[in-house]
Amino acid sequence: MSRRTPSEPYPRQPYQADADRPHDIAIANCEDCGDEFDLTVSDPRTRVCAPCWDRSLDAIETAFLDNYAKFGAKAHRTVAEALFRSQALADPDDRKVIGMRIVEEYLNAAQDLMALYVALRRRHEQPLLTTFTNFELNPASVAAFRILTSGRNSDDLLRDLQLPTLADVDAARGEIPRKDWRQFAGAVLAISNGIERVQKVDQGVLLELADGLKQSSALTHKMDWLPDRAMNPDQVALVVLNQRRRVLMTHALAIHEPQLEVFIDAIDKITAAARDLIWLYLHVRDTVALEDRQSGR
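Quick note: to get the numbering used here, add 1 to the position in the sequence shown (first position is 1).
It should be emphasised that the hints constitute simulated quantities derived from the structure, not laboratory data. Given the structure is predicted, the values throughout are model-derived calculations rather than measurements. Incorrect hints may have been included.
Think about it this way: if two alpha-carbon atoms lie no more than 20 Å apart in a straight line, the pair counts; the simulated SDA-like pairs of lysine to any residue are [claimed, not checked]:
hint, residue 1, residue 2
1, Lys215, Asn139
2, Lys223, Leu249
3, Lys71, Asp181
4, Lys75, Gln184
5, Lys180, Leu249
6, Lys201, Phe136
Between beta-carbon pairs, the in silico distance windows are [unchecked claim]:
hint, residue 1, residue 2, range
7, Pro178, Leu242, 50 to 60 Å
8, Leu58, Asp287, 17 to 27 Å
9, Asp235, Ala83, 19 to 29 Å
10, Ala255, Ala89, 10 to 20 Å
11, Thr41, Asn233, 46 to 56 Å
12, Phe72, Ala255, 28 to 38 Å
Ideal Cβ positions, reconstructed from N, Cα and C, are used throughout, including at glycine.
All chains, please: the whole structure from these sequences, using the hints.
Set out below in C-alpha coordinates:
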(Lines of atoms letter the chains of each structure in order from A and count residues from 1; the text may use other names and numbers.)
(Lines give C-alpha, C1' and ligand atoms only; values in the text may rest on other atoms or scores of the structure.)
Protein backbone atom coordinates (compact mmCIF):
# COMPACT_ATOMS: atom_id res chain seq x y z
CA MET A 1 0.00 0.00 0.00
CA SER A 2 1.52 3.32 -1.06
CA ARG A 3 1.93 5.99 1.55
CA ARG A 4 2.20 9.73 1.28
CA THR A 5 4.63 11.55 3.52
CA PRO A 6 2.68 13.50 6.13
CA SER A 7 3.02 17.24 5.74
CA GLU A 8 3.99 17.54 9.40
CA PRO A 9 5.56 15.16 11.94
CA TYR A 10 3.15 12.67 13.50
CA PRO A 11 1.26 13.28 15.68
CA ARG A 12 0.51 16.91 15.11
CA GLN A 13 -0.07 18.87 18.29
CA PRO A 14 -3.50 20.38 18.97
CA TYR A 15 -4.09 23.62 17.15
CA GLN A 16 -3.67 26.52 19.54
CA ALA A 17 -3.98 29.49 17.22
CA ASP A 18 -6.92 28.42 15.08
CA ALA A 19 -10.07 29.92 16.53
CA ASP A 20 -12.24 27.53 14.49
CA ARG A 21 -10.94 24.49 16.37
CA PRO A 22 -11.59 23.62 20.01
CA HIS A 23 -8.37 23.58 22.01
CA ASP A 24 -8.96 20.02 23.26
CA ILE A 25 -8.92 18.45 19.78
CA ALA A 26 -5.73 16.65 18.73
CA ILE A 27 -5.18 16.43 14.99
CA ALA A 28 -2.86 14.02 13.19
CA ASN A 29 -2.06 13.22 9.58
CA CYS A 30 -2.95 9.77 8.26
CA GLU A 31 0.20 7.87 7.30
CA ASP A 32 -1.58 6.30 4.32
CA CYS A 33 -3.46 9.15 2.66
CA GLY A 34 -2.07 12.22 4.45
CA ASP A 35 -5.49 13.54 5.41
CA GLU A 36 -6.11 14.97 8.84
CA PHE A 37 -8.09 13.04 11.43
CA ASP A 38 -9.16 13.67 15.00
CA LEU A 39 -7.23 11.77 17.66
CA THR A 40 -9.62 12.74 20.43
CA VAL A 41 -11.77 9.62 20.03
CA SER A 42 -8.83 7.33 19.21
CA ASP A 43 -5.77 5.95 20.91
CA PRO A 44 -3.04 8.63 20.67
CA ARG A 45 -0.81 6.07 18.93
CA THR A 46 -3.26 5.72 16.02
CA ARG A 47 -1.47 6.15 12.68
CA VAL A 48 -4.23 5.97 10.08
CA CYS A 49 -7.65 7.52 9.56
CA ALA A 50 -10.82 5.43 9.80
CA PRO A 51 -11.46 5.16 6.01
CA CYS A 52 -7.90 3.96 5.36
CA TRP A 53 -8.17 1.52 8.25
CA ASP A 54 -11.36 0.04 6.81
CA ARG A 55 -9.76 -0.25 3.37
CA SER A 56 -6.77 -2.06 4.86
CA LEU A 57 -9.10 -4.55 6.56
CA ASP A 58 -10.98 -5.11 3.31
CA ALA A 59 -7.64 -5.74 1.57
CA ILE A 60 -6.73 -8.64 3.87
CA GLU A 61 -10.25 -10.10 4.11
CA THR A 62 -9.62 -12.95 1.68
CA ALA A 63 -6.33 -13.98 3.31
CA PHE A 64 -7.88 -13.83 6.78
CA LEU A 65 -10.88 -15.95 5.81
CA ASP A 66 -8.74 -18.46 3.92
CA ASN A 67 -6.43 -18.86 6.93
CA TYR A 68 -9.34 -19.14 9.35
CA ALA A 69 -11.06 -21.80 7.22
CA LYS A 70 -7.88 -23.90 6.99
CA PHE A 71 -6.58 -23.38 10.52
CA GLY A 72 -8.61 -21.28 12.94
CA ALA A 73 -11.93 -23.08 12.60
CA LYS A 74 -10.24 -26.48 12.78
CA ALA A 75 -8.48 -25.55 16.02
CA HIS A 76 -11.64 -25.96 18.12
CA ARG A 77 -12.22 -29.48 16.81
CA THR A 78 -8.54 -30.43 17.16
CA VAL A 79 -8.41 -29.35 20.80
CA ALA A 80 -11.75 -30.95 21.70
CA GLU A 81 -10.88 -34.29 20.10
CA ALA A 82 -7.46 -34.37 21.79
CA LEU A 83 -9.10 -33.69 25.14
CA PHE A 84 -11.71 -36.37 24.53
CA ARG A 85 -9.04 -38.98 23.77
CA SER A 86 -7.05 -38.04 26.87
CA GLN A 87 -9.94 -38.71 29.24
CA ALA A 88 -9.53 -42.48 28.76
CA LEU A 89 -6.43 -42.38 30.98
CA ALA A 90 -7.69 -39.73 33.38
CA ASP A 91 -9.11 -40.20 36.86
CA PRO A 92 -12.74 -39.18 37.57
CA ASP A 93 -11.90 -35.66 38.76
CA ASP A 94 -9.61 -35.00 35.80
CA ARG A 95 -12.33 -36.18 33.43
CA LYS A 96 -14.59 -33.48 34.82
CA VAL A 97 -12.00 -30.81 34.05
CA ILE A 98 -11.49 -32.25 30.57
CA GLY A 99 -15.24 -32.31 30.01
CA MET A 100 -15.61 -28.66 30.96
CA ARG A 101 -12.85 -27.70 28.54
CA ILE A 102 -14.57 -29.62 25.73
CA VAL A 103 -17.77 -27.69 26.41
CA GLU A 104 -15.75 -24.48 26.38
CA GLU A 105 -14.41 -25.36 22.92
CA TYR A 106 -18.00 -25.93 21.79
CA LEU A 107 -18.93 -22.46 23.01
CA ASN A 108 -15.87 -20.95 21.27
CA ALA A 109 -16.76 -22.69 18.01
CA ALA A 110 -20.37 -21.54 18.31
CA GLN A 111 -19.26 -17.96 18.90
CA ASP A 112 -17.06 -18.04 15.80
CA LEU A 113 -19.84 -19.34 13.55
CA MET A 114 -22.29 -16.75 14.89
CA ALA A 115 -19.67 -14.05 14.36
CA LEU A 116 -19.02 -15.23 10.80
CA TYR A 117 -22.73 -15.27 9.95
CA VAL A 118 -23.31 -11.78 11.35
CA ALA A 119 -20.12 -10.46 9.71
CA LEU A 120 -21.18 -11.76 6.29
CA ARG A 121 -24.63 -10.31 6.79
CA ARG A 122 -23.18 -6.88 7.61
CA ARG A 123 -20.31 -6.95 5.11
CA HIS A 124 -21.73 -4.01 3.15
CA GLU A 125 -21.94 -1.88 6.31
CA GLN A 126 -18.46 -2.39 7.76
CA PRO A 127 -15.38 -4.57 7.19
CA LEU A 128 -16.00 -8.24 7.82
CA LEU A 129 -13.00 -8.45 10.16
CA THR A 130 -14.40 -5.67 12.34
CA THR A 131 -17.66 -7.49 12.96
CA PHE A 132 -16.06 -10.92 13.30
CA THR A 133 -13.36 -9.99 15.80
CA ASN A 134 -15.62 -7.75 17.92
CA PHE A 135 -18.47 -10.26 18.23
CA GLU A 136 -19.20 -11.49 21.75
CA LEU A 137 -21.28 -14.47 22.83
CA ASN A 138 -23.79 -13.06 25.32
CA PRO A 139 -27.56 -13.17 25.90
CA ALA A 140 -28.21 -10.23 23.57
CA SER A 141 -26.13 -11.57 20.67
CA VAL A 142 -27.54 -15.09 21.04
CA ALA A 143 -31.11 -13.75 21.08
CA ALA A 144 -30.42 -11.65 17.97
CA PHE A 145 -28.87 -14.64 16.20
CA ARG A 146 -31.86 -16.78 17.06
CA ILE A 147 -34.20 -14.19 15.54
CA LEU A 148 -32.12 -14.22 12.35
CA THR A 149 -31.92 -18.00 11.98
CA SER A 150 -34.62 -19.79 13.97
CA GLY A 151 -37.10 -21.72 11.84
CA ARG A 152 -35.30 -20.92 8.60
CA ASN A 153 -34.21 -23.55 6.11
CA SER A 154 -30.94 -23.50 4.21
CA ASP A 155 -32.41 -21.43 1.35
CA ASP A 156 -33.64 -18.78 3.79
CA LEU A 157 -30.26 -18.60 5.50
CA LEU A 158 -28.36 -18.22 2.23
CA ARG A 159 -30.75 -15.56 0.94
CA ASP A 160 -30.30 -13.68 4.20
CA LEU A 161 -26.56 -13.61 3.46
CA GLN A 162 -27.17 -12.66 -0.18
CA LEU A 163 -25.65 -15.92 -1.35
CA PRO A 164 -27.09 -18.27 -3.99
CA THR A 165 -29.25 -21.17 -2.88
CA LEU A 166 -29.03 -24.75 -4.10
CA ALA A 167 -31.97 -24.02 -6.39
CA ASP A 168 -30.05 -21.11 -7.92
CA VAL A 169 -27.08 -23.35 -8.60
CA ASP A 170 -29.29 -26.12 -9.98
CA ALA A 171 -30.72 -23.63 -12.45
CA ALA A 172 -27.20 -22.90 -13.70
CA ARG A 173 -25.88 -26.44 -13.33
CA GLY A 174 -24.87 -26.68 -16.97
CA GLU A 175 -22.53 -23.71 -16.52
CA ILE A 176 -20.95 -24.90 -13.26
CA PRO A 177 -18.10 -27.44 -13.10
CA ARG A 178 -19.29 -30.73 -11.60
CA LYS A 179 -16.75 -30.52 -8.76
CA ASP A 180 -17.95 -27.05 -7.78
CA TRP A 181 -21.58 -28.15 -7.86
CA ARG A 182 -20.90 -31.09 -5.53
CA GLN A 183 -18.97 -28.87 -3.14
CA PHE A 184 -21.74 -26.29 -3.20
CA ALA A 185 -24.40 -28.89 -2.41
CA GLY A 186 -22.33 -30.22 0.48
CA ALA A 187 -21.71 -26.70 1.78
CA VAL A 188 -25.42 -25.87 1.87
CA LEU A 189 -26.12 -28.94 4.00
CA ALA A 190 -23.14 -28.29 6.30
CA ILE A 191 -24.11 -24.66 6.89
CA SER A 192 -27.64 -25.62 7.90
CA ASN A 193 -26.41 -28.40 10.22
CA GLY A 194 -23.85 -26.14 11.87
CA ILE A 195 -26.31 -23.36 12.58
CA GLU A 196 -28.72 -25.90 14.06
CA ARG A 197 -26.00 -26.96 16.53
CA VAL A 198 -25.18 -23.35 17.37
CA GLN A 199 -28.79 -22.58 18.26
CA LYS A 200 -28.52 -24.96 21.23
CA VAL A 201 -26.40 -22.31 22.98
CA ASP A 202 -29.71 -20.56 23.64
CA GLN A 203 -30.37 -23.15 26.33
CA GLY A 204 -30.09 -21.50 29.74
CA VAL A 205 -27.28 -23.55 31.27
CA LEU A 206 -24.91 -23.17 28.32
CA LEU A 207 -25.57 -19.46 27.95
CA GLU A 208 -24.98 -18.88 31.66
CA LEU A 209 -21.82 -20.95 31.46
CA ALA A 210 -20.54 -18.94 28.50
CA ASP A 211 -21.09 -15.73 30.43
CA GLY A 212 -19.45 -17.18 33.53
CA LEU A 213 -16.34 -18.31 31.65
CA LYS A 214 -15.64 -14.68 30.74
CA GLN A 215 -15.43 -13.84 34.43
CA SER A 216 -13.84 -16.89 36.03
CA SER A 217 -11.91 -20.10 35.41
CA ALA A 218 -12.37 -21.53 38.92
CA LEU A 219 -13.78 -25.05 38.83
CA THR A 220 -15.00 -27.27 41.65
CA HIS A 221 -15.97 -30.95 41.78
CA LYS A 222 -18.01 -30.63 44.99
CA MET A 223 -20.05 -27.98 46.79
CA ASP A 224 -20.13 -29.25 50.35
CA TRP A 225 -18.06 -26.23 51.32
CA LEU A 226 -20.83 -23.88 50.18
CA PRO A 227 -24.03 -23.38 52.22
CA ASP A 228 -27.27 -24.56 50.61
CA ARG A 229 -25.50 -25.85 47.49
CA ALA A 230 -25.28 -29.35 46.12
CA MET A 231 -24.22 -31.09 42.94
CA ASN A 232 -24.39 -34.60 41.53
CA PRO A 233 -21.31 -36.86 41.48
CA ASP A 234 -21.04 -36.60 37.68
CA GLN A 235 -21.09 -32.79 37.66
CA VAL A 236 -18.43 -30.11 37.59
CA ALA A 237 -19.16 -26.49 38.42
CA LEU A 238 -17.75 -23.10 37.50
CA VAL A 239 -17.53 -20.72 40.46
CA VAL A 240 -18.13 -17.06 39.66
CA LEU A 241 -17.93 -14.23 42.18
CA ASN A 242 -20.21 -11.35 41.23
CA GLN A 243 -18.77 -8.56 43.32
CA ARG A 244 -21.28 -6.05 42.05
CA ARG A 245 -24.25 -8.11 43.24
CA ARG A 246 -22.26 -9.54 46.17
CA VAL A 247 -23.26 -13.05 45.29
CA LEU A 248 -21.32 -16.26 44.61
CA MET A 249 -22.74 -18.08 41.59
CA THR A 250 -22.10 -21.64 40.47
CA HIS A 251 -22.79 -23.11 37.04
CA ALA A 252 -22.93 -26.91 37.21
CA LEU A 253 -22.73 -29.20 34.21
CA ALA A 254 -23.01 -32.98 33.99
CA ILE A 255 -19.92 -34.57 32.47
CA HIS A 256 -20.25 -38.07 31.05
CA GLU A 257 -18.99 -39.67 27.87
CA PRO A 258 -22.24 -39.84 25.85
CA GLN A 259 -22.87 -36.14 26.48
CA LEU A 260 -19.31 -35.23 25.54
CA GLU A 261 -19.71 -37.17 22.29
CA VAL A 262 -22.68 -34.93 21.50
CA PHE A 263 -20.51 -31.85 22.04
CA ILE A 264 -17.70 -33.30 19.91
CA ASP A 265 -20.16 -33.97 17.08
CA ALA A 266 -21.57 -30.45 17.43
CA ILE A 267 -18.08 -28.92 17.23
CA ASP A 268 -17.39 -30.96 14.10
CA LYS A 269 -20.61 -29.76 12.46
CA ILE A 270 -20.04 -26.15 13.48
CA THR A 271 -16.46 -26.00 12.20
CA ALA A 272 -17.50 -27.66 8.94
CA ALA A 273 -20.23 -25.05 8.54
CA ALA A 274 -17.74 -22.22 9.10
CA ARG A 275 -15.31 -23.61 6.52
CA ASP A 276 -18.02 -24.19 3.94
CA LEU A 277 -19.62 -20.81 4.51
CA ILE A 278 -16.26 -19.16 3.87
CA TRP A 279 -15.68 -21.28 0.75
CA LEU A 280 -19.12 -20.39 -0.57
CA TYR A 281 -18.70 -16.66 0.05
CA LEU A 282 -15.23 -16.47 -1.50
CA HIS A 283 -16.19 -18.66 -4.45
CA VAL A 284 -19.25 -16.55 -5.26
CA ARG A 285 -17.35 -13.30 -4.79
CA ASP A 286 -14.53 -14.44 -7.09
CA THR A 287 -17.02 -15.65 -9.69
CA VAL A 288 -18.84 -12.32 -9.71
CA ALA A 289 -15.54 -10.42 -9.95
CA LEU A 290 -14.46 -12.56 -12.92
CA GLU A 291 -17.77 -11.98 -14.70
CA ASP A 292 -17.46 -8.24 -14.10
CA ARG A 293 -13.97 -8.19 -15.61
CA GLN A 294 -15.06 -10.20 -18.62
CA SER A 295 -18.01 -7.89 -19.25
CA GLY A 296 -15.83 -4.82 -18.81
CA ARG A 297 -17.70 -3.51 -15.78
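Results of checking the hints against the structure:
1. Lys215 / Asn139: Holds - the C-alpha atoms of Asn139 and Lys215 are around 10 Å apart, at most 20 Å.
2. Lys223 / Leu249: The given pair, whose Cα atoms are some 15 Å apart, holds under the 20 Å limit.
3. Lys71 / Asp181: holds (18 Å)
4. Lys75 / Gln184: holds (18 Å)
5. Lys180 / Leu249: Cα-Cα ~55 Å, so violated.
6. Lys201 / Phe136: holds (18 Å)
7. Pro178 / Leu242: 50 to 60 Å: holds (57 Å)
8. Leu58 / Asp287: 17 to 27 Å: Hint holds: Cβ distance 19 Å, inside 17 to 27 Å.
9. Asp235 / Ala83: 19 to 29 Å: holds (22 Å)
10. Ala255 / Ala89: 10 to 20 Å: holds (19 Å)
11. Thr41 / Asn233: 46 to 56 Å: holds (55 Å)
12. Phe72 / Ala255: 28 to 38 Å: holds (32 Å)
Of the numbered hints given earlier, the model fails hint 5 alone.
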